[in-house]
Amino acid sequence: MTPRRARVLGLVTIAVLAVLPWVLARHQLSILVDLLIFGLFAMSLDLIMGYTGMVSFGHAAYFGLGAYGSALLLIHFQPPVPVALLAGALLAGAVAVPVGWFSTRATGIYFAMLTLAFAQLLYTVAYKWRDLTGGSDGIAGVPKTTLFWGGPSLADPHAFYWLVAACLVVSLRACRALTRSPFGRALEAIRENERRFVSLGRDARPFKVVVFVIAALFAGLAGALFAPFRGFASPEVMFWVLSGQALMMVITGGIGTLVGPVIGAMVFLLIQEVLSSYTEHWMIFTGAIFVLMVIFLPGGLVGTARRWMEARG
Amino acid sequence: MSFLVEQLLNALALAGLLFLVSAGLSLVFGILRVVNFAHGVFYMLGAYLGFTAMAVSGQFWLSLLVVPPVVGVIGGLLERSTLRFIYRRPPIYQLLLTFGLALILEETVRVLYGPTAKPVDAPALLQGAVPILDTLYPRYRLFLVVAVGVGVRLFLARTRAGLVIRAVAQNSEMADCLGANVPRVRTLVFGAACALAGLGGVASAPMTTAYLGMGIGVIVDAFVVVVIGGLGSIGGSMAGSLIVGAAQTWGAFYLPETAMVIMYAVMGAILIFRPWGLFGEEE
Amino acid sequence: MKRREFLKSAVVSGGASLTVPAFLRRAYAQNAIKIGMPTVLSGGNAQYGIQAKRAAELFAKDVKARGGVLGRPVEFLYEDTASDPATAVRKAQKLVEKDGVKLLTGVVLSSEALAISAKCPEWKVLFMSTINGAGALTAKSFNRNFFRINTSGPMGARAVSLYLAEAPMKRFFALGSDYAWGRDSVGSFSKQIAAVKKHVVGKEFPPVGTKDFASYIAKIKQSKAEGCFLVLPGQDATIFLKQAHQFGLTREVKPIMEILELENMKAVGDAMAGTIGSSRYPFTVDTPRNRDFVTRFHALHNVYPDMFDGETYEGLEWLTQVIRKAGTADDIEKITEAWEDSTYEGLEGTFTMRKCDHQAVQPGFVVEAVKDPKYPHLIPKILATYPGDRVTPKCRTEEFA
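Chains as they are written, first to last, in our numbering: chain A, 510 to 822; chain B, 753 to 1035; chain C, 6 to 406.
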């Protein structure tokens, strides 16, 4: 795709996002907000997976930290939502520093399992620290406060949608810029051939740790949006099942494309949403769709679409 | 004293079951380079088919003999019809595919058997408890410890298949060198691993009943076992099973507040010091 | 109706037992009173969602035979929450915003219930619990849109404690799953046992999903307790009881369950005979109304009703009684007012809806799992029945008078 075409496509997408609230029914807008939040989450995972080749199996932990951070802040102090977003993201990023530092000692499956181990540790903390987190019951009744002190309320579905859409678009642009910076190119060099990178006299690990932390920040942001939107945070948002689902979303959309995982998350959730209202045995059909998708759509939805467009010129 | 013996036996029984599952997982990774997320579901399938076999024949020993090959054949067929098309892709794709398979199988079992757990009785010979020193210990668990221990020992040390598996698992390139018919070797290995998981499932059913979700539960444990031991190493799986079995049993007893997380803590600690597992090699 | 049944049977014979798609359900009844059930229909907890659904199916049939409520048919909309609170809220919101549902019920997990309940005032809908045990729902987290028909966790623990106060046993071990229900019930039990000068000699909290209880069994043995109070969810309870029997524990220590379910009795088998516990609804209650219900339930589903089958049916019956009284199924303020302080003759006895915390006051049962040649599995035999005022906590608390 030419840069011009990409830019046009980007502008069209923003225009569509802007128009959608007036087109969609209320419940459709609710679902769209959900899709965008998980899209942001999947995109953050792609930053690690797609641009360094490291597969994290514990990414839900940072989503969860963001959710708990913002939920606790909103419920106890009712600050404007953006303050809670910042706090959630920073909490996730801060915890990711030591985890990233330890986990990047290993590679491949071992890296995945180390991130899983840390995520389960954090899950257990959320589960057992009942005084703070409410344990397995979680924290319910998280309010959607205002945009800034004395500013407009975000309880209106449209208002919250704008906030989420803006967060996604800005994050996407920021991540894109990051991957095109010298830092991003260094990451790709590590992914393609770590030995050569190291033999040039540079240390790969700081790069890996930094990208791990940045990905956690964005995952935390997604979680911090989730808590006021759904009104609660519970240990399930940190569980390995969600980490696994995030992997599925990234692969469904297309690894290393940033925008692919956003689409992947939407497709993944929509498939479940639609199928599960038709049949309680939706897992069979979801499973079959995954199997077929992996076999027939290598590179995920976006990867396949790109190849198709290139073939057609 | 008798108490320590009991705790030791508990850990060994759990380790035995874990080994049956994780050995197959490790084998499939070692030879096919596939992280098989559906592996646990074959364990569950074993337990449910064991229930059916028991209901039909009333013979525990018969179902122990018949069910694993059936599970193996199902596994082999699934490998032929799906996995074989994507061996060249990065491992993450195989994970997604096997995740899809796991969903399909899990829900199919529920459609067929319903949501209620299915009881499976141990054979009359192994019911009840025997006195060990001054405590009572279930005969069935004792049987598990002895049977798995002896079985593994015999299989690995004496049979040719054991030799081949050991060789192949230690060196994945061997699979390619086997030359003539790599696709067939893959199907056989995958099927054999599934059969092993199925065996674990039949064997565990009298201890835990056959229930939905047992596959997901065990696959996470088995991943941890395999990673602790080192991917592709059968010896590692054995060591990993013992470590996880001991951690879960003794952890629950001496450090009950850590029961939820002790397995992960042990794995994390081992990986921080040995990033490729106890018996694994740097990739 | 014909078309619906035809469709259903066609799909079933097609291999997958699909439920009827939502758009057809809407076409079927324009004017229906819609009751939304965001419940668990897949995975391990599905047994509870299935109970809620079975009760609703029988209830729908009964209402139809009586010509509906306020002249309107009643229609149930099921959604699968897959045991995940986030999904539960999403599905509930969909039922409210898309299908225009004003009444929600059938929620399975406490975490799901707490998350949904907190949203109900914003959505302007009522949430009737028939399954959720968490004490907080009618105490710390109470809101006026929430009604609890079922016996709560603290009430179950209370019934058991009242029974044990008079039993010869003196030393107890408490084993609760490591989550809110297990921890709260064990806490409540310990307090009440201490109040009658008996002893809880040990407490443990195995994680949910524990598959080997050997270490816990060893601890219970060491404690020399006479009874073991168990607060374990369905599958965990089945595994524990099975293993406790194999270790010979159940011969030395009496298992006492906070809830004694048919599901467990079916899965554990005869090894469970002699186990006692509280029951939120034992199908063996010997009243004409209940005998009739059990017969009709069995005729429709070919199984005997378990606890949540009974309580969900009672809830639905009461709800429609209130709707008739209020004269509306859409004005939730009127329904709330009509419900508060109202009474209802249920299958298991008389219910009163307490105005202050929307907890239904109802009798508490202690039962024993016994063998009966008339039934294919063990059944709950009622050992003791306690009046509602003795088993219900003080208003908006989890404490007892």
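None of these hints come from the bench; they were simulated from the model.
Careful: at least some of the hints might be erroneous.
[Stated by the list, open to error] Listed next, the in silico DSSO-like pairs over lysine-lysine satisfying Cα-Cα at most 27 Å (straight line):
#1 C:Lys-386 to C:Lys-360
#2 C:Lys-145 to A:Lys-653
#3 A:Lys-637 to C:Lys-196
#4 C:Lys-376 to C:Lys-330
#5 C:Lys-175 to C:Lys-259
#6 A:Lys-653 to C:Lys-129
#7 C:Lys-271 to A:Lys-653
#8 A:Lys-637 to C:Lys-208
#9 C:Lys-330 to C:Lys-360
#10 C:Lys-360 to C:Lys-129
#11 C:Lys-175 to C:Lys-107
#12 C:Lys-196 to C:Lys-145
#13 C:Lys-360 to B:Lys-870
#14 C:Lys-175 to B:Lys-870
#15 C:Lys-360 to C:Lys-271
#16 C:Lys-226 to C:Lys-208
#17 C:Lys-208 to C:Lys-129
#18 C:Lys-103 to C:Lys-339
#19 C:Lys-66 to A:Lys-637
#20 A:Lys-653 to C:Lys-107
#21 C:Lys-330 to B:Lys-870
#22 C:Lys-330 to C:Lys-271
#23 C:Lys-379 to C:Lys-202
#24 B:Lys-870 to C:Lys-103
#25 B:Lys-870 to C:Lys-376
#26 C:Lys-271 to A:Lys-637
[Claimed, not checked] Covered stretches of chain B (chain C as the covering partner; in silico rule of three or more C-beta atoms under 8 Å from a C-beta of chain C):
#27 935 to 947
#28 974 to 983
Even for Gly, the Cβ is constructed at its ideal location relative to N, Cα and C.
_27 Å Cα cutoff - pair C:Lys-330, C:Lys-271_ = Violated. C:Lys-330 to C:Lys-271 sits at ~40 Å, over the 27 Å cutoff.
*Could you grab the alpha-carbon distance between A:Lys-637 and C:Lys-208 and see if it respects the 27 Å cut-off?*
Holds. A:Lys-637 to C:Lys-208 sits at ~16 Å (cutoff 27 Å).
*Below or equal to 27 Å on CA atoms is what counts here, so check C:Lys-330 against B:Lys-870.*
violated, 45 Å
*asked:* Hinted pair, alpha-carbon criterion (27 Å max): A:Lys-637, C:Lys-196. Please report holds or violated.
replied: holds, 21 Å
_With the threshold set at 27 Å, check whether the alpha-carbon distance from C:Lys-271 to A:Lys-653 stays at or below it._
violated, 46 Å
*Would the pair C:Lys-271 and A:Lys-637 pass a check requiring their Cα atoms to be no farther apart than 27 Å?*
It is violated: about 32 Å lies between the C-alpha atoms, which goes past 27 Å.
*Is the Cα-Cα distance between C:Lys-175 and B:Lys-870 27 Å or less?*
Distance of about 35 Å is beyond 27 Å: violated.
*Given the proposed pairing of C:Lys-208 with C:Lys-129, does the C-alpha separation stay at or below 27 Å?*
violated, 42 Å
_Need the status of pair C:Lys-376, C:Lys-330: alpha-carbon distance at most 27 Å?_
violated, 43 Å
*Given hint C:Lys-107 paired with C:Lys-175 - CA-CA distance at most 27 Å*: Violated, at about 49 Å.
_C:Lys-360 and C:Lys-271 were given as a pair; does the straight-line alpha-carbon distance stay at or below 27 Å?_
violated, 38 Å
*Taken at face value, is the distance from the CA of C:Lys-107 to the CA of A:Lys-653 at most 27 Å?*
Roughly 23 Å between the alpha carbons, so the hint for A:Lys-653 and C:Lys-107 holds.
When held up to the earlier numbered hints, the structure conflicts with 1, 4, 7, 11, 13, 14, 15, 17, 19, 21, 22, 23, 24, 26, 27, 28 and fits the remainder.
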